[in-house]
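Work out the full structure: start from the sequences and follow the hints.
Listed in order, the protein sequences are those of chains A and B.
So the first sequence is numbered by the numbering used here: it starts at 9 and just counts up by one.
So the second sequence is numbered by the numbering used here: it starts at 600 and just counts up by one.
Just so you know, the hints here were simulated from the structure itself, not pulled from any lab data.
Keep in mind that a hint or two might mislead.
[To be verified] DMTMM-like, lysine to aspartate or glutamate: derived pairs with alpha carbons at most 20 Å apart:
hint, chain 1, residue 1, chain 2, residue 2
1, A, LYS105, B, ASP631
2, B, LYS728, B, GLU612
3, B, LYS656, B, GLU612
4, A, LYS105, B, GLU678
5, B, LYS654, B, GLU678
6, A, LYS105, B, GLU663
7, A, LYS17, A, GLU81
8, A, LYS105, B, GLU636
9, B, LYS670, A, GLU60
10, B, LYS749, B, GLU736
11, B, LYS688, A, GLU60
[Said to hold, decoys possible] Simulated coverage check for chain B against chain A, where a stretch passes if three residues somewhere in it have a Cβ under 8 Å from a Cβ of chain A:
hint, segment
12, 600-607
13, 633-639
14, 711-725
Keep in mind it's a predicted model, so treat the numbers as computed, not measured.
Every residue gets a Cβ at the ideal spot worked out from N, C-alpha and C, and that includes glycine.
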Amino acid sequence: MNYQNSIIKNYRKIFPNRSLRVSAEEIGINMTRLHRIFNGAEMKLHEYEAFERCLRKHSCKPSQLNFIERIIEGLSVMSESELGFFEVEINHILKLKQFTGGLSTIEQSAIAQ
Amino acid sequence: MYNFTILERMILESINKGDKSLNEIKHDSGMDQQICENVLYSLMAKGLIKIEGTKYKMNAGLSEAIIAELKDQLNMTVEIGSLVRECVKSSILKGNDSFKFKKVYMSESDKKFLKGMLYNLETFLDGLKSNKGPTKEETFIFWGGENYAKAVSNYIS
Numbered sequence: 009m010n011y012q013n014s015i016i017k018n019y020r021k022i023f024p025n026r027s028l029r030v031s032a033e034e035i036g037i038n039m040t041r042l043h044r045i046f047n048g049a050e051m052k053l054h055e056y057e058a059f060e061r062c063l064r065k066h067s068c069k070p071s072q073l074n075f076i077e078r079i080i081e082g083l084s085v086m087s088e089s090e091l092g093f094f095e096v097e098i099n100h101i102l103k104l105k106q107f108t109g110g111l112s113t114i115e116q117s118a119i120a121q
Numbered sequence: 600m601y602n603f604t605i606l607e608r609m610i611l612e613s614i615n616k617g618d619k620s621l622n623e624i625k626h627d628s629g630m631d632q633q634i635c636e637n638v639l640y641s642l643m644a645k646g647l648i649k650i651e652g653t654k655y656k657m658n659a660g661l662s663e664a665i666i667a668e669l670k671d672q673l674n675m676t677v678e679i680g681s682l683v684r685e686c687v688k689s690s691i692l693k694g695n696d697s698f699k700f701k702k703v704y705m706s707e708s709d710k711k712f713l714k715g716m717l718y719n720l721e722t723f724l725d726g727l728k729s730n731k732g733p734t735k736e737e738t739f740i741f742w743g744g745e746n747y748a749k750a751v752s753n754y755i756s
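The structure is reproduced here in structure tokens:
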């Protein structure tokens, strides 16, 4: 599954009954354009970002959102070796959560993908 | 890349001391049964261990690729770092005695003196290697030092 399908599937799972009009308002994408995206039109970068922002807004508190923004900012200035180290650290944290039951089944399958 | 964690290492070390049942691993490692099961499942899926009857044992025929993954330096840095970080946290946040840190100026003779004492410490610890006991009762010890400016420079470069 490509990233676009995965993000749309995730959106529909979280908001199964949300109408196209409300979705367009919440995501900030024109309704006609959103209809095309839902029917397979390829997303542009700013549309990916709009979907991600919308999903994050749903799953995070404002303080967590700020933190995520800072992490993204930090990632963008990291060197390749720093990124490699950070990735391994994150992998360790997620794996330990899997072992200790700190992750839901959905989160575990997302990591497995 | 298989990110080998401290939980997997602890259970692998436990099995490496001798084939064990789930219950024996649980007692030797001090981990909850559910965590033991999850870790054992992961180790088996990777082919690092196998089960014969009720006993878990090391898989003798590990491929070179898996051995290389287990020895990955970046992964080991994170693995050891997580243990040391716990000691630092425990010491600073809870006032425990698990981490000591001193920053001093040393003359050349001071450095030689310290080197001698660390050599003695290492010799003493090497002598304890043959001691046997439950994995959960083992103590990890670390030491070392670095020039202040060099460490800061490495950190920011």
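Do the hints match the structure? See the list:
In summary, the hint linking LYS105 (chain A) to ASP631 (chain B) is supported, as the alpha carbons are separated by about 14 Å, within the 20 Å threshold. Between LYS728 (chain B) and GLU612 (chain B) the alpha-carbon distance is near 14 Å, which keeps this suggested pair within the 20 Å criterion. A hinted pair counts as satisfied when its Cα atoms are at most 20 Å apart, and LYS656 (chain B) with GLU612 (chain B) qualifies at roughly 11 Å. With a C-alpha separation of about 15 Å, the suggested pairing of LYS105 (chain A) with GLU678 (chain B) holds against the 20 Å cut-off.
For the given pair, LYS654 (chain B) sits about 27 Å from GLU678 (chain B) by alpha-carbon distance, which is inconsistent with the 20 Å threshold. The straight-line distance between the Cα atoms of LYS105 (chain A) and GLU663 (chain B) is roughly 28 Å, outside the 20 Å bound, and the hint therefore fails. The hinted pair formed by LYS17 (chain A) and GLU81 (chain A) fails the criterion: a straight-line CA distance of about 27 Å is larger than 20 Å. With a C-alpha separation of about 14 Å, the suggested pair LYS105 (chain A) and GLU636 (chain B) falls inside the 20 Å cut-off, and the hint holds.
Under the criterion of a C-alpha separation no larger than 20 Å, the hint pairing LYS670 (chain B) with GLU60 (chain A) is inconsistent with the structure, at around 37 Å. At roughly 36 Å between alpha-carbon atoms, LYS749 (chain B) and GLU736 (chain B) are farther apart than 20 Å, so this suggested pair is violated. Between LYS688 (chain B) and GLU60 (chain A) the alpha-carbon distance is near 34 Å, which puts this suggested pair outside the 20 Å criterion. For the segment 600-607 of chain B, the proposed coverage by chain A is satisfied: 5 residues have a C-beta within less than 8 Å of a C-beta in that chain, meeting the threshold of three.
Counting residues of the segment 633-639 of chain B whose beta-carbon sits less than 8 Å from any beta-carbon of chain A gives 4, enough to reach three: the coverage restraint holds. Counting residues of the segment 711-725 of chain B whose C-beta sits closer than 8 Å to any C-beta of chain A gives 0, which falls short of three, so the coverage hint is violated.
When the structure is compared with the earlier hints, violations turn up for hints 5, 6, 7, 9, 10, 11, 14 and for no others.
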